[in-house]
Structures are given as structure tokens and as C-alpha cells.
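Taken in sequence, the protein lines are chains Y and Z.
Oh and the first sequence: position 216 is 216 in the numbering used here, straight run, nothing missing.
Oh and the second sequence: position 191 is 191 in the numbering used here, straight run, nothing missing.
Keep in mind that the hints were calculated from the coordinates and are not lab data.
Check each hint, because a few of them may be wrong.
In silico lysine-lysine, DSS-like type, Cα no more than 27 Å apart, as pairs [stated by the list, open to error]:
#, chain 1, residue 1, chain 2, residue 2
1, Y, K67, Y, K99
2, Z, K36, Y, K142
3, Y, K173, Y, K67
4, Y, K183, Y, K173
5, Y, K80, Y, K67
6, Y, K183, Z, K36
Pulled from the structure, derived: some chain Z residues nowhere near chain Y, Cβ distances all over 12 Å [claimed, not checked]:
#, residue
7, V8
8, R25
9, K36
10, G44
11, G53
12, K137
13, L177
Every residue gets a Cβ at the ideal spot worked out from N, C-alpha and C, and that includes glycine.
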Amino acid sequence: MAAGTGSLEHPAQQDYERRLIQRIGDGEHEAFYELIRPYERRVYAAAFALLRNDADAEDCAQEAVLKAFKNIRQFRSEAKFSTWLIQIATNEARMRRRKQRTDLIEPIEKDQGQEGTYAPREFADWREIPSETLERKEVREKLAEALSSIGQIYREVFVLRDMEHLSIDETAKALGISTASVKTRLLRARLMLRDLLAPGLGGPWSKDLSFAKGAKPW
Amino acid sequence: MVVNCEHVWREVSNYLDGEADAELRAAIEEHLRGCKHCTAVVEGMRNVVQLYGDERMMEVPLGFSRRLHQRLEGDMSRSRRTFLGWAVAAAASVFIAGGIEVARSSVFSHPGLRSEHARTSNRVPPDMMVIVADDGKTFHVAGCPFIHDKARLRTIPAYEAEQQGYAPCVRCMKEYLDATASSHRWHEMSDKDATLG
Chain Y
1 MAAGTGSLEH PAQQDYERRL IQRIGDGEHE AFYELIRPYE RRVYAAAFAL
51 LRNDADAEDC AQEAVLKAFK NIRQFRSEAK FSTWLIQIAT NEARMRRRKQ
101 RTDLIEPIEK DQGQEGTYAP REFADWREIP SETLERKEVR EKLAEALSSI
151 GQIYREVFVL RDMEHLSIDE TAKALGISTA SVKTRLLRAR LMLRDLLAPG
201 LGGPWSKDLS FAKGAKPW
Chain Z
1 MVVNCEHVWR EVSNYLDGEA DAELRAAIEE HLRGCKHCTA VVEGMRNVVQ
51 LYGDERMMEV PLGFSRRLHQ RLEGDMSRSR RTFLGWAVAA AASVFIAGGI
101 EVARSSVFSH PGLRSEHART SNRVPPDMMV IVADDGKTFH VAGCPFIHDK
151 ARLRTIPAYE AEQQGYAPCV RCMKEYLDAT ASSHRWHEMS DKDATLG
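My request is simple: use the sequences and hints to build the entire structure.
Put into C-alpha cells, the structure is as follows:
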């Protein structure tokens, strides 16, 4: 489920990071480059998912990393550095959204999942999509497009939980919402993405992908 | 326990995350054996989670890392410059303050002082052991980097040092007094010092 994050979650990695943080605190600022290197992509991804604009996301990611550097002494060693860093990036992105007032442009969304069950579209056929598919740029673009099209409140939960691999509790803390809301929004986000990405909806996948010609992907 | 399709749709996320309890899990699996639609929902969602969870989905613009490091570097050197600026300013203020004190001490010079550049202080605990050099002019906290003539050092109480015309070192004694200013011991010493002074 948490593909590609195994090494980052390893206790040895956390010990190593704690030592790096100690060195930075002692004035060896250059150690910070080493500390953030494994997470640079994740910081950008979190910013991009919320801001949906390359330039804003890059500036936001840079700002978040600078804030992490300036506030490194406030980092509590019982937490994971990656979680702390992603939280900073999320806060920064949300703050920018408020400043840009983009929240007003997007339709106001509520946790509809709490009021009624979301009925997923019916696609009886399915098959597993191999992860090698992601080597194709157009597939990555389609996935990004689908993610951009779901509402903000679902997107931010999905990104933190399924892309950044934060736990339910960590996601709830990062966004300042309850764990119940995280679960509800996550369910809705996953179902919506599943529906968007399945062929037969007139979605872009059905035109381009070879597996869509015969069998449905799922 | 028997579950229907709606129940499965509500729990599918928890089921995939391994958060459904054993009974619910077994019921969902039993339902999936006979329901193609729910099986497609579960497997479709599994695909979504696996594909988006792959690090390849986290593309960054070309040159992102280099630009990030450049900005960090700029910020780090700015902090260093700020710190340096602060240190220079602090040193300058000490120098200016020292100059003012020199001027004051020349006006209100203590008759017994070894140098007009030194000044007495009634804030120093009188029985605190301090370091003096025979031909020095100031007394110090042990370990002060401004102790000169280390071959002829003596350790004596502060009140004796003051009686002999030594004045407190503006660096180490100031640091010591600032650090102990709020302590109970300090107040006691101050009172005693005042009576001695």
C-alpha cells in the first residue's frame, strides 16, 4: 500500500535523521541538504496537489523547506521528520490558497459521504494495472488530471494519505480535521478516482491506452 | 454477519487499509465471492491506491532540486551575515559602553583602582573566588579567555580583589552576573555586598 516508502520509514533512517538534525542544531547547516534530499519530491507533490500550479507549488515547496530549516530546533524527535516537513508544506500551501482566495473559486464542498452512501459507477470487469504503466508519461498525466478534478477537501486527504503515506491520525492533525472526516473523505476520494479513471465515462484513458481497447482496466 | 453492496461501498476503504475487524472482513470477502460489481469496486480502488502511491507519480519540474538548494544556500549565507552583523554590532556596543564607562570612571575614579580603565561593581558577590594576576588590573571568573600573564595568577575572594584595586573583567564577570542575576543566592550576595560596600 505504501509503495516506495519502505526505506524512509525504517528506524535506522530515523536514527540517522536524528543525528543529522543534531548536527544542524550544532551549527553544521550543510547537513540540512542531506536531511531533506529524500523528501524534496514529496514536499513538491504535496504543494502541487493543493495549489495545482507548477510555479506556485515550487515557490511553496521552497518556502516550506526554508521554514523547516529555520525551525529545526522546534522539531520534536518523537515525530517523523518527513511527517513534520509535509505538514509544514501543507500549511504553507493552504495559507497561500487562502491568500489567493482560490477557495472561493472552487465550489463549496461538504462531507457528503457522511450524509449518504456514494454509489460507485458500475464496471463489472476489472484487472490489475501494473505499476510499470506509470513509466508512460501520458498515464501519469491522466492520473494527475483526475486528481486535479476532484474537490479540494478530498484531494488534500487523498494526497497526504495515499501519496505522502501519512497515517490517518497524522493526516487529521496536518489538516486540522477529525479522523472520522479523514476516513470519510478518503473513501470518497478513492471512489471518485476509481470512477474517473475507469473507461466508459468518455474519459481520456479510453482513447489512448492499449489496455482500454479490449478489456476494461477494472 | 451478512453485508450488502452499500455496506461494502462504505467499508471498502477501511477494508483495503486493513482497518476492518475480522468479522466484517470475513463478511465482505463472502459478499465479494458472489458480487462482480463490488469486486470491481474493491479492485479498482486497489489500483487507484497502488498507482497513486508510487513515487513515480511525484514528478518535479526540471531543475527543482538545484533551485531549491540555491535558495537554501542564499538563506543560509544571509543568516550567517545577519549573525556576523549582529556580532559586530554587539561588539561595537560593548566597545561604546566600555568607552562611556571609561569616561565615567575617569570622572568618578575609585582612589584604590589599579587602572582608571577598570571600574568597581557592588554587584559582585564579595566572597566569590576570582582570579587575579599580580600585575593585572582586573579580576576574572576562572577560565575567562582574557586572563593574561598566566604564570602569576592568584585565586582570592572578590572583596579582597576589589580592596587591592582590581576591577571586574567586563566580559566574564558581566556574563557571570547576568546568568546569576535572578537567583536567590545572588540577592543574598547583593545584600551582603551592599553592607560591605
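Check: Looking back at the numbered hints, which does the structure fail to meet, lowest number first?
Finding: Structure breaks hints 7, 9, 10, 11.
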